[in-house]
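*Asks:* Protein chains in written order, with my numbering: chain D, 1 to 490; chain P, 1 to 458.
Where hints are given, some of them may not hold.
To be clear about the criterion: a stretch of chain P counts as covered by chain D if any three or more of its residues have a C-beta under 8 Å from a C-beta of chain D, and this derived list gives those stretches [stated by the list, open to error]:
(1) 79-87
(2) 108-116
(3) 368-380
(4) 393-404
For the record, the hints were derived by calculation from the structure and aren't laboratory data. For every residue, glycine included, the Cβ atom is placed at its ideal position computed from N, Cα and C.
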Amino acid sequence: MTVSILIFLPVVAAVIVALLKNGIAKHAALFFSVAELVIAGLFLSKFIPDATTQFAIDVPWIPKFGIYFSAGIDGISMVMVLLTTLLVPLIVLSTYQHKYNNEGAFYGLILFMQAGLLVVFTALDGFLFYVGWEAALIPIYFICALWGGENRIRITIKFFIYTFAGSLFMLVGIIYLYLQSPGKTYDIHEFYRIGLDAKHQSLVFWAFFLAFAIKMPLFPFHTWQPDTYTEAPTAGTMLLSGIMLKMGIYGVIRWLIPNAPLGFVHWQALVMILAVIGIIYASLIAFNQKDGKRLVAYSSIAHVGLIAAGIFAWTEVGVQGAMIQMLNHGINVVGMFFIWDIISRRLNTRDISQLGGIAKVAPKFSIAFLIIVLGTVGLPLTNGFVGEFLLLNGVFEYSAYHYFNIALAAVAGLTIIFGAVYMLRMYKNVMQGETNELTATFTDISGSEKLTLCIICMLIIAIGIYPHPILHISEAAVNNLIQTIKIKQY
Amino acid sequence: MNTLIIISVLPIVLLYLGLYKATKSLLPVTIIGLLVALGLAIAQWNNVALPIYHGMMMFDNFAIAFSGITIIATILILMLSKGYFDKISKHVAEYYAIILFSLAGIIVMVSFYNLVMLFIGIEIMSVSLYILAGIKKSDFASNEAALKYFLMGAFSTGFLLFGITLLYGTTGSFSLEVIRDWVLAHPHADPMFYTGIVLIIVGLCFKVGAAPFHFWTPDVYEGAPTLITAFMSTVVKTAGFAAFLRLFSACFAPLSDFWVPVLLVITVITLFIGNITALYQQSFKRMLAFSSISHAGYLLFAIVALGSGSANSVFIYATAYSIASIIAFGSLILVQQQSGSDNFESFNGLAKSNPFLAFVLTIAMLSLAGIPLTAGFMGKFFMFSGALAKYHVWLVIIAVVNAIISIFYYFRVIIAMYFRTADRTELVVPAYYKVVFIISALVTILIGVYPDFIARFI
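Next up, chain D with everything else stripped away, as it sits in the complex (with noise of 0.2 Å):
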């Protein structure tokens, strides 16, 4: 049982999916998501939690050039699996209230796409990864801009030449790192050995840097990201926010950091700021803003910020928190769009102010409403908590010059406060209050929306009470990648 399995269903499944009549293609698609989620599931039950890679393939692709076609799990790739292959059905499932025309070809990128995703979360050969990153980046172009809002059109292409733009950084990055390989190839291992010098080590950084920063978003490269959330369809925002982003961190984790060490360390105190300033800067905006999607996008940008201040610490602690703060940040987000897909949907407006006393006519969408929100501010018993407060550990770890630290833990940790402001005040301004006319035709949740929220609710509630299973299956990986990657301090 190797990881081709995984990566090369929702090849297929896309292809057949994409052949069917509206109607069909979306029970068609989520059946090939479940499949797919259960085959994870599998590979989870097999899976070894140690520090090895497993169920890896390795065969020749383009052998004259170095390039073979290897992938393989291990503990990291493994959250990442889960990650994808969980939110996919969900993300499916989320849009079954949708009419979309052309539903063969929406469902099919949907698929296409998770099947890049995975490519990147298990490749081992540096041109495998940057294929399956720019694998993952057509369909969500395609997706966005077929299917989106009324600015679709200007919107995605900035989001796409954006992107583009920085993977194109790194692709001469990893050209670059192979012809540097003893051996020739684009093996991540043997990229790990080469050893360059720091200034070397530096072009290579920035080389990788602005391709997973473009991608997370962080500050300052994050201006493509509110616009295309909000025109993207939704489940085009939710795989987005929910797994796209994630290529980035993961990125760092296994291809910038260990790639870059010595570059890594010359720049780490500027990321860490970049970082917190994003963190700080995104809450702000995201106090003022009318459009409920709109702030959950920026408050997205805050909690990827403070994910990549975790990992740029890179602490045993911080990494651990960023591995299981993704997966949370994944549930939290789709969820949380989902929830104004169903606002948006039934009242045709997303503007808050128009909002208010949604819980009075709607109890049970309040209530999932409510525990999505407490799990995005992080709640103790909400998977939110445990992901930030690792982070929060982690950045106060990381001790570059005395005090440094301990303001950026602080600051960071505004993330929190803030949050908890912005949200509950959502909350509060969209569910409580007197209920309008416009609120008073809300009616609520049931069929796949009840599934879709209760699935949510539930791994929120789940692995906010008992996380460890999560963190062992990454626990053994960090702590060796750590241990061979120990980074100087100075």
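Could you slot chain P onto chain D? The hints should help.
*Replies:* The following block gives chain P in isolation, referenced to the frame of chain D:
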């Protein structure tokens, strides 16, 4: 070598067929003839290649590979010609014949082993093209294109010839072998030789449409009938680069310190001029003309970073670029016939009326833009790898910037087709076109996913 003979005899057969008014059999005979020529070329694959005809030509693997791709591209283009020439004039046989004469010149260009043959090959090809550019006799733009192309072409041939003469003057021979030996014996070649190299670069850059010698391209490409433009921008360009590469890797490689800076400058200018000008075009056809200039820039990478992988890079890049361009020009012909315009707007809403056509054109545009899983990406990837291997880091970064710029204009077509709406009736895509589109799209994806099957050719 039988390939060349068949391709030279075939047009004469066609002319006789035309004489006896057998217009229906023209296309099948041409395609069968070309397939035979292709088969004969491939049969010689991996044979020990020796110079033939008193050292005038050498049919080595390089020559076979490039003959193969130019013949295949010609077949695909000719399949698009069904019904196309008939509308222009009654003398259909002549057009097939002239295209094949041009192809014969191209076969000479990719297999020359003597500068005289290079010159003769280029001339056979060019003279045929001058006529082809002007086949719409009553059309003003077509006439302008032909005249412009002729004047510029003659001018550039002069440069090339002058360069060849200077090389002859220093080395005393036209033979590539003798020139190479002379270069090896004289590591510090004398100024006359250097001047010769520069003049040859100028002449060849004219032919392949590299800036700043590109001024004829947009007008000629726009004015010439679309099918001929397709031929010029794919087959002819491929042949030009094959000849360029063959000459430089055979003779001038040891002197790279001298000519690499010259070509570097030309490459950078070509990339920027091609891409930035393409941004401002309203006409799809003119955009393709400028984009072909920028692709010439990428192709020059292989010569700037001359090495063992160069032939491979040019081969993959030229293949990717040619098949994608054939789809683009084929779609343009169809859209032009329906709407009478070649502007981007005439593609609006094509995805609704013709999903298949829109889909293959999207694949072609993604390939031209160099998006992974298409052939175009592999081409760019090999070019970038080659250039980085020779430490041309800045060149690659400039190329990356240009690749990003090119997204804008390639995606304009995709955006027009998918995201803009227009009232339009369904285009009729003839069966021949469908075959060409399907083959080209499949090859594009195949090379993009598994380039190894083509990468091991050279």
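*Asks:* Taking 8 Å as the C-beta cutoff, is the stated coverage of the region 79-87 of chain P by chain D satisfied by three or more residues?
*Replies:* It is violated, with 0 qualifying residues against the three required.
*Asks:* Verify this for me: three or more residues of the region 108-116 of chain P with a beta carbon less than 8 Å from a beta carbon of chain D.
*Replies:* Violated - the region 108-116 of chain P has 0 residues with a Cβ nearer than 8 Å to chain D, which falls short of three.
*Asks:* With a C-beta cutoff of 8 Å, work out whether three or more residues of the region 368-380 of chain P approach chain D closely enough for the coverage to hold.
*Replies:* Contact hint for the region 368-380 of chain P vs chain D: holds, 4 residues under 8 Å.
*Asks:* Closer than 8 Å Cβ to Cβ for three or more residues is the test here. Does the region 393-404 of chain P pass it with chain D?
*Replies:* holds (count 6)
Of the hints listed earlier, those the structure fails to meet are numbers 1, 2, in rising order.
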